[in-house]
Amino acid sequence: MRRVCSKVARSEWKIALTLLAVVLCGQAHGGAIPLNTFLQFSFTDVDVQAAGCDPADPAGAFCVPSSGTPSAFLDAPPWTFSTATPATLQVTDVFEAGDRFEVFDLGGSLGLTSAPGVADCGDDPAVCLTNAAISSGSFLLGAGVHSLTIVPRLVNAGGGTGYLIVLAQVPEPATASLALLVACAAAGFARRKSAG
Amino acid sequence: MFASINRTPFSLPRRFLLLVALGVVGLAAPGSALHAQAPSGTRFAGPTSSQPLALTADDAFLVVANPDNNSVTFFDVRAGRNRKLLEVPVQKEPWGVAFLPNGSKAYVANTVSGTVSMLRTNLRNGVIQKPVHIKVGTEPYALALTPNGTRLYVANARSNDVSVIDTASDTVVETIANVGFEPRGLAITNDGDGDDADEVVYVTQFLSLPLLGKVDGADDAKAGFVSVVSTTTNSVVKQIQLNPIADTGFKALGDALARIPPGDPADPANFKFVTGAYPNQLNNVAIKGSFAYVPNTGASPNGPVRFDVNTHSLLHVIDRVLDVDANKTLNMHTAVRDQTAQPKRFLTMPWAIAFKHGANEGYVVTASSDVLFKLTVNPADGSAAVQFDPSQLPGARVLEIAVGKSPRGIVINSTDTRAYVMNYISRDLAVVDLTSSPEQLLATVPSAPLPAPGSLAEKIHIGKELYLTSIGTFDPAPGSSTPIVGRMSNNGWGSCATCHTPFATSDNVVWIFPAGPRRSLPQHTDFDQSVADRSQMRPLLWSANRDEQEDFTNNIRGVSGGLGLIVLADGVTPDPNTVPDLTIVNGGRNQLKVRGVPAWDAIKAFVQFGIRAPISPITKTDPDVIAGEALFRAANCQACHGTAQWTTARVRFTPPTPANLQSNGQIITELRKVGTFDAAFFNEVRQNAAPPLGADGFVPPSLLSIHAFPRTFLHNGVATSLDQVLENVTHRSAGTGGVDTLSAAADRQKVVKFMLSIDAATAPINP
Chain A
22 MRRVCSKVAR
32 SEWKIALTLL
42 AVVLCGQAHG
52 GAIPLNTFLQ
62 FSFTDVDVQA
72 AGCDPADPAG
82 AFCVPSSGTP
92 SAFLDAPPWT
102 FSTATPATLQ
112 VTDVFEAGDR
122 FEVFDLGGSL
132 GLTSAPGVAD
142 CGDDPAVCLT
152 NAAISSGSFL
162 LGAGVHSLTI
172 VPRLVNAGGG
182 TGYLIVLAQV
192 PEPATASLAL
202 LVACAAAGFA
212 RRKSAG
Chain D
180 MFASINRTPF
190 SLPRRFLLLV
200 ALGVVGLAAP
210 GSALHAQAPS
220 GTRFAGPTSS
230 QPLALTADDA
240 FLVVANPDNN
250 SVTFFDVRAG
260 RNRKLLEVPV
270 QKEPWGVAFL
280 PNGSKAYVAN
290 TVSGTVSMLR
300 TNLRNGVIQK
310 PVHIKVGTEP
320 YALALTPNGT
330 RLYVANARSN
340 DVSVIDTASD
350 TVVETIANVG
360 FEPRGLAITN
370 DGDGDDADEV
380 VYVTQFLSLP
390 LLGKVDGADD
400 AKAGFVSVVS
410 TTTNSVVKQI
420 QLNPIADTGF
430 KALGDALARI
440 PPGDPADPAN
450 FKFVTGAYPN
460 QLNNVAIKGS
470 FAYVPNTGAS
480 PNGPVRFDVN
490 THSLLHVIDR
500 VLDVDANKTL
510 NMHTAVRDQT
520 AQPKRFLTMP
530 WAIAFKHGAN
540 EGYVVTASSD
550 VLFKLTVNPA
560 DGSAAVQFDP
570 SQLPGARVLE
580 IAVGKSPRGI
590 VINSTDTRAY
600 VMNYISRDLA
610 VVDLTSSPEQ
620 LLATVPSAPL
630 PAPGSLAEKI
640 HIGKELYLTS
650 IGTFDPAPGS
660 STPIVGRMSN
670 NGWGSCATCH
680 TPFATSDNVV
690 WIFPAGPRRS
700 LPQHTDFDQS
710 VADRSQMRPL
720 LWSANRDEQE
730 DFTNNIRGVS
740 GGLGLIVLAD
750 GVTPDPNTVP
760 DLTIVNGGRN
770 QLKVRGVPAW
780 DAIKAFVQFG
790 IRAPISPITK
800 TDPDVIAGEA
810 LFRAANCQAC
820 HGTAQWTTAR
830 VRFTPPTPAN
840 LQSNGQIITE
850 LRKVGTFDAA
860 FFNEVRQNAA
870 PPLGADGFVP
880 PSLLSIHAFP
890 RTFLHNGVAT
900 SLDQVLENVT
910 HRSAGTGGVD
920 TLSAAADRQK
930 VVKFMLSIDA
940 ATAPINP
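If you're matching them up, the sequences are chains A and D in order.
With this note's numbering as the guide, the letters of the first sequence map in order to residues 22 to 217.
With this note's numbering as the guide, the letters of the second sequence map in order to residues 180 to 946.
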């Protein structure tokens, strides 16, 4: 344990504790989002941050769910999670083309989803991801804690709904990294105490 | 495949590139984004009509009310998908719904909440925004949009007015008073132009009202009324009177009001007395060409009351050029009477109607006999005819399409290829193919969940189902796998609801019954709703000659012509030993079952827990109401009309009624003689033409929500106002030992206002 923790540079402790705080804050409104699952969000207008879907997010709109690939509603943003390894975030519009999103992680923009064409891909996010006319994007995420928000930049009149999915390259419970951090903190504290 | 921007967090050069990209596509500045075009369809294809389901103008999406689930369900009906998209909660007891022509907003009338919910929708994009609730009148029930969707008309069933909502601002811009009593149905013309301020709104009044010089109990005592509203002025421009019909096409055994006793029913020649009927329960209206059509349940109250001479399935026709009764009224039951094939299913409780856009054909749904049937109309004179099944021999069978349990609404798409039906009890949507011959049911799609099996809610729901149906489908008898069907009435003629309305209150008709003239009692007053287990029941009927709900198995037999629900040990044979008097216990007997629940137990549970009192539009803080309550107390009216049940009469024993409490078949201790019985009055006669009960007094009627039953009061309907009721000095002095504390007319008016304010929210006054 000591050898593992020694790899955590002292300068990175502040970042790690900050990320831990983000995760804990995220858990206060519903917990970390699950990985490898299509998660649905709603939006109303351009430049208005997307919300989850009612009833998971009481402030969100009512979303027509996928009738194909299983999915779940997102709760209130930001949507937090952590991964021990790099992961891929995919974001896609569903139903009618015309919507486009900017994706943020920890307040920083990851970029825009693709420019929309003209299509109606239906309600299944897996199907919509394969449709070039539907706006979607794929973003690589580093290992660690993440806090996502989405802001639509193009919106069909009346709003809409979309999906995100975090594909963990090596599936691992998010709690593992947290446990590592906590264990390191405990070990460090014990070492410092014994040294003192 | 997509414009991937693969990056790791916090990469500043990438963020810079992103900002550049945003600038290039012109999206960086808030509010500069492009909006896609709104869905097509900006005007409805024809006139609109209030329904519990609504289509977008392009036939793509449907919204359906779920009154018992406090929700609405959206369906995608494009290209025959018939897919339930989403059930969305609204407020309490949603009934009327409407969709803007382009589908961008849905409106829902929440009857108990007194609001209209507006939901922005983009169903093509999978989303429905949170509702905004617009305060309207008391018990909003029906909604109808103008052809271009700029104005929404809201019928407020208890405040007796119509709210007009501007759909651009979603605010109430007008409240139209004087639309008549209990507005329930709306229809709006469509002249095809872009101006919605040049249309006409037809507003049905649910209950009929007495005609001057007539006496209730007679078949021509009342008339139905439809108000005509101009969208130019948003005011009532006319009241159309829908007249009684002189001949229903069904003959009676006698004529009670003429004091002619019934002959022997075994001799067909004795069925020789022509019966009439007046329109009642006007729930809906639809426009076709130069005419408007009002399906209703006509009342033929003169005795003897029998299954085919009590209520009728009427269709009144309005001449829209003159805005008068076109005198083309059709008794739709006669088509079933004339069909040659057996068995027959009468068209009971015609509740909603819709017409094709490109043909002179329409369809009616029946709330009690669970079918949709077809009409053709003559565009020249407005006359209508029920259609027979073209796949059978001519005249063999009326075309009846079983659509679900208690259908309450129907819409037809703009191309006349599909009809959609909302089924209230089965909580589903029926899709009917109108292109086939005969038309046929294509699909049934669940709209809202049914109560959990084994729950009290399920028991109440089964009770409601039985209360509403004129057929009834029951569990098979032991050893059989065939459901028992059709015990509620003779050939589906009648249901509890035909006289108590689908709201389980009262049709306010005075029937010439075996005991004498008796106004239907509203059943929200049967049990004291302040008692958690609803164990407190008033004596039933005006003369307290029933002490159990189950005693009405004899009404199923005698009035509706059914076999009833109490059976022998074999589980199927009707038990003959169910005499409707106070000496036999009918509760707890062997009963038919529905999904394992004893049928009468379920009906009783529905009456106990499932009926709500109508909400009064009069505020409790009105100074006249407060003053009237004080005068009410001072006159000790609560001695007879107190408690949360607003009647002090009770069944104070476990049936049967002890012999010492009985007299002349009545629970004599619960009757009060207050000067309301005049044996010499014209309608004081039994259905067998003998003198009526009444000399011993009557059960004090409940005052709970008495505001909902207008212009016909007391057991025989002789009083046409509450003021007139209080003009009776004996009556108004009954609580004070004959001392008249209400001699001043102004005081009596305050008492009346207090009484009209009484509903479930009024603090009870105990004796």
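FYI, nobody ran anything at the bench for these hints, they're computed from the structure.
Hints should not be assumed to be uniformly reliable.
[Said to hold, decoys possible] Computed footprint of chain D on chain A, listed as stretches where at least three residues anywhere in the stretch have a Cβ under 8 angstroms from a Cβ of chain D: (1) 89-103; (2) 113-119; (3) 177-189.
[Unchecked claim] Computed spacing ranges between beta-carbons, pair by pair: (4) 88/A to 311/D: 25 to 35 angstroms; (5) 79/A to 800/D: 53 to 63 angstroms; (6) 70/A to 376/D: 39 to 49 angstroms; (7) 76/A to 860/D: 53 to 63 angstroms; (8) 942/D to 76/A: 44 to 54 angstroms; (9) 79/A to 847/D: 57 to 67 angstroms; (10) 616/D to 79/A: 25 to 35 angstroms; (11) 536/D to 79/A: 34 to 44 angstroms; (12) 70/A to 798/D: 15 to 25 angstroms; (13) 76/A to 558/D: 48 to 58 angstroms; (14) 68/A to 711/D: 24 to 34 angstroms; (15) 70/A to 503/D: 56 to 66 angstroms; (16) 109/A to 661/D: 38 to 48 angstroms.
Ideal placement from N, C-alpha and C gives every residue a C-beta, glycine not left out.
Exercise. Could you tell me which of the numbered hints above are not met by this structure, giving the numbers in increasing order?
Key: 1, 5, 8, 10, 12, 14 and 16
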